[in-house]
Every structure is written in structure tokens, then in C-alpha cells.
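Q: Here's the letter readout for the chains.
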Amino acid sequence: MAEMVSRALVSAFYEAYASHDTDKLVPMLDDEVTWTIRGPVDVLGYCGRHSGKPAVINLVDQLVPSVYRVVSFVQDSVVIDGDRVATLNRLSGRQSVGGRVMSYRLAHFLRFCSGKLIEAVSLIDSFDAAEQMLGHPLDVHGTVTAQSGDLVAV
Amino acid sequence: MDKKVAVLSAEPQPCARSKSHADLRAAFDVFFEAYAARDAERVAPFLHDDVVWTVSGPIEVLPFCGVHRGKADVLALIGRKVPAVLRVFSCVAEAIVVDGDQVAMLTRLSARRPADGRVISYRVANFFRFVEGKIIENLSLLDSFDAVEQVVGHPLTQPTLAEDGSLVPAISDLVSL
Chain C
4 MAEMVSRALV
14 SAFYEAYASH
24 DTDKLVPMLD
34 DEVTWTIRGP
44 VDVLGYCGRH
54 SGKPAVINLV
64 DQLVPSVYRV
74 VSFVQDSVVI
84 DGDRVATLNR
94 LSGRQSVGGR
104 VMSYRLAHFL
114 RFCSGKLIEA
124 VSLIDSFDAA
134 EQMLGHPLDV
144 HGTVTAQSGD
154 LVAV
Chain D
1025 MDKKVAVLSA
1035 EPQPCARSKS
1045 HADLRAAFDV
1055 FFEAYAARDA
1065 ERVAPFLHDD
1075 VVWTVSGPIE
1085 VLPFCGVHRG
1095 KADVLALIGR
1105 KVPAVLRVFS
1115 CVAEAIVVDG
1125 DQVAMLTRLS
1135 ARRPADGRVI
1145 SYRVANFFRF
1155 VEGKIIENLS
1165 LLDSFDAVEQ
1175 VVGHPLTQPT
1185 LAEDGSLVPA
1195 ISDLVSL
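Protein sequence lines correspond, in order, to chains C and D.
The numbering of the first sequence is this note's numbering, which starts it at 4 and goes up by one.
The numbering of the second sequence is this note's numbering, which starts it at 1025 and goes up by one.
Pulled out of the complex, with its shape left as it was, chain D reads as follows:
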């Protein structure tokens, strides 16, 4: 079994931040450890009952994309739906930004496809909003083109386009004259 790695960004600078900022950051760090491990049981206490969790991306390739409403749905997403497509083994936080009731995070995810063990790695931006210490809203914005290319295992790039939008013929293309 892959060892799961959760790496947090550097500790926040003390400066002139409020206690509530420190409290939210501390709580978020605990949430992140659970979330990075995709441990639904440990994530559960951090979710509001009315949480809305949106994941951007093409649902036909990444079936966990879309809007997930309510604690049960979000826990199913984290504990079952995502692992069915990608088994996350590393979640490295490159930036965590805390302000009022909001937390934004940029992470580098690494995962394996259950079907063939292929390793996939892409960046995700999360924008969380907290109410009474629990997450009520999250938007996950994926570098979806990169993620899909890796999941399907082939380039999605189209033939080269000229400035006027016309196709630039490539070697071996059949061109009528």
C-alpha cells in the first residue's frame, strides 16, 4: 500500500493576525491531514450538515466532478467516489491562505489509477468557506486538461491551428487540391 504523504506549507508567520485566524489555521491543519489521507471518518467532524462541495471538470472522464450536496454525499465523494477513479497517495500543500472564514489552498495531488496503477499528478485549487468551525462550501478547481490527459492516457491536443483558425496540415495528412 502506498504510504500517504501530507505535506503542509511553512508555518504561518505570527505577525498581526487575530486569535480567530490562528484558530482557523490550526483547525484547518488538522482537517488537511485527514483530507490528505482521504480519511472520511476523520474528515466528517469538519463538514457542516449542509456542505456544498463542487469539483470542476468533465464528469464523463472524472465522474467525481460536479456538485455534491450534504455531508453524506461529500463523505461518499471523499471515501468512495474519488478512490474509485484515483487513489490519492500524496497531497502536498504548496500554499494555504487563511482570511476570516475562508481558506484557499493550492495542492499538488499524486494518485494511482486503480485499473492499472498508473500514477497521475496534477494541481488543485480549493476555496473553502467555514461556518461555526465547519466547512459549508468548497470549490475544487482542477488543472482539468492535465488531469484528463493523464487519466485517459493519451494527448488531447488538437492539430495545430494557424492564426486565422484554419488547420495547419501535418506530415501524412491528406489534403485535397
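In isolation and in its complexed conformation, chain C is listed as follows:
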């Protein structure tokens, strides 16, 4: 029978996660936790699969903050069903390099085991996030467009 995750646990988890408080986060992670973030790792360096507690702590403590600092984290929806939690969130952050503000939607699908997070899948509006990260529209037409400052041979 699947355990029932409490709203209090979910709230405590997000309080630690959104504030990058690894001291509070560490005891809430299973040793075998995996955290997968879907997205282009060459633009959003924190994307990919992070396995094990040290890797997930590194993700929260180093990888994500190297890209942006969270300014606000608003939960639009929290859905709890047994040992599974799904949340829909709006994240706003400021780029660590350049200070540009980014804001995008983020969905989490979490699974808990004995009160600890054992699995997380993050799905973001990755096209929108990548464009904001780069500061310009992505080339969807496969053509090279000269930007101001480019050197073009004629």
C-alpha cells in the first residue's frame, strides 16, 4: 500500500527547495534519489539526470545558482496522490551572469518513499526558458541571421 504524503511534507520540501536551503533539503532526500530535468543542457546547464543525494544537492546548491538565482517561486497547483506529488509552478529568477530576469512555468512530478524524495522529474517550457536565457529568439528556420557586431565576409 503506497504511503500518503502529507501537505505539510510537501510544503516543507518546497520551502527548502525554493530557497536553495540545502541544510533543510538534505534530510528530505533519499540516498538513491534521482532528479531529471528535461531541457537543452547546452543552454540550461542544470538540465539532465542527477543521480544520488550528492548529485542532487550539487544541482540545488551549485548548478542551478550558477545559472540563475530564484527571485520568486509560486505554486499554481499541488496535486497529492499516495506517494506521488505533482506541482505546477511559476519560477522567476535572475541570471547569475548578466542579471537578466527569467520567468517560466515548471512542472514537477515527485515520488516519496518513507518520507523522503526518491524521484523527481522536472518539465519546463524549455523553448521559452532557452530564449530567455539566451536573450534572443531561437532560430527555428535553420538559417543563419547576422547579428549586430558579427563579422561577415562578402
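What the hints contain is simulated information worked out from the structure, not anything from laboratory work.
Small disclaimer: the values here were computed from a predicted structure and weren't measured.
Treat the hints with caution; some may be incorrect.
Which stretches of chain C does chain D cover? Using the computed rule of at least three CB atoms under 8 Å from a CB of chain D, they are [to be verified]:
id, stretch
1, 38-45
2, 107-115
3, 124-133
Partial selection, computed: residues in chain C whose CB lies under 8 Å from chain D [said to hold, decoys possible]:
id, residue
4, P57
5, V73
6, V74
7, S80
8, V82
9, I83
10, D84
11, R87
12, V88
13, L141
14, D142
Using N, Cα and C, we set each Cβ at its ideal position, and we do this for glycine too.
With chain C's structure known, arrange chain D on it following the hints.
A: Coordinates of chain D only, in the frame set by chain C:
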């Protein structure tokens, strides 16, 4: 014609859930079968007249993205607008989470482009809200970067950026000194 596959996650654990939870889960399972098959006729009874259906993503590449309001618009989206861009042949639910009047779902979609038959596969998160047994609200959050790359058929990745945001020259780049 591709055989359409709809795969549900494992049956929900009985535990201490209410009858309403079981009822919503049962109803959702029937909806999912119809939705996975993109069968607008079978989906229709599950939609509230005032349903709002939002699909995240770049509308210039995925024209079905945006906000769709009302039952007729949403049925047109499912039955016509999406199939014009992508013909879904597999919809595998990796997680279904039911709580009160809300259902969240993580799926792996596989589809073919009508233009050339190219297969595209990406993940989608759905957040549904029900009123009186019908869907009144849905947000579909796509792994849009992955989806767009596959639809347009080429990488969207930009040249490598250094830590300070400057471009890192690649072999064959022309650099002024």
C-alpha cells in the same frame, strides 16, 4: 495506419482514498483512452462547455499552442488542429496523480509529421481541473525545446557561451583581431 497505443500507469493503490477519488480516477481513465486516441467524439462528453485549454509552446512552430476557449474550440484542437501538425500514435502515461478535483499527468507522446512521416516523441505534463465530472481547465506543458527541434528537423542550439556570456569561437569561425 499506425496502431494507436494508450498505456496507463499502474492501477492506483486502494489505501485510504475516498470514493470520490476512485470515481474521478475511474472517469479519468476512460477520458484518457479517448484522449490518447485523439477521438474528439469520445472526448466531448468529458469537456465542460466553458473549458479553457492552454498549450505552452511557440505558436509559430507549433500552431496548436496557445489558449483555446470553449468546448467547440477544444474539440477542434484535438480533432483537427493538432493532427494537422502531428498525428499522435502513442500516448504513454508515466504518472497520473489524482487529488480532489485535480488530475496531473505526465505522458510520453509519439507522433508522425503528416508532411513527411517523421516520428517525433516528447514529454507533456497536463494539469486538469474538473467541475461536476467534466474538465473545465487544462494546462499542457510541453518539453517545447525538444518538440520544436524535432518538428523543424535541426538543432536549435546556439554556439557555446563562456561563463561571462561571450561567444566561444568554434573551428571555422571567422574572428577579427
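Q: Could you run down the list of hints and mark each one as holding or not?
A: Okay, the hints, checked on the actual structure:
no.	hint	verdict
1	38-45	holds (count 4)
2	107-115	holds (count 3)
3	124-133	holds (count 9)
4	P57	23 Å, violated
5	V73	19 Å, violated
6	V74	19 Å, violated
7	S80	5 Å, holds
8	V82	4 Å, holds
9	I83	5 Å, holds
10	D84	4 Å, holds
11	R87	5 Å, holds
12	V88	7 Å, holds
13	L141	5 Å, holds
14	D142	7 Å, holds
Going through the hint list in order, the structure does not satisfy hints 4, 5, 6.
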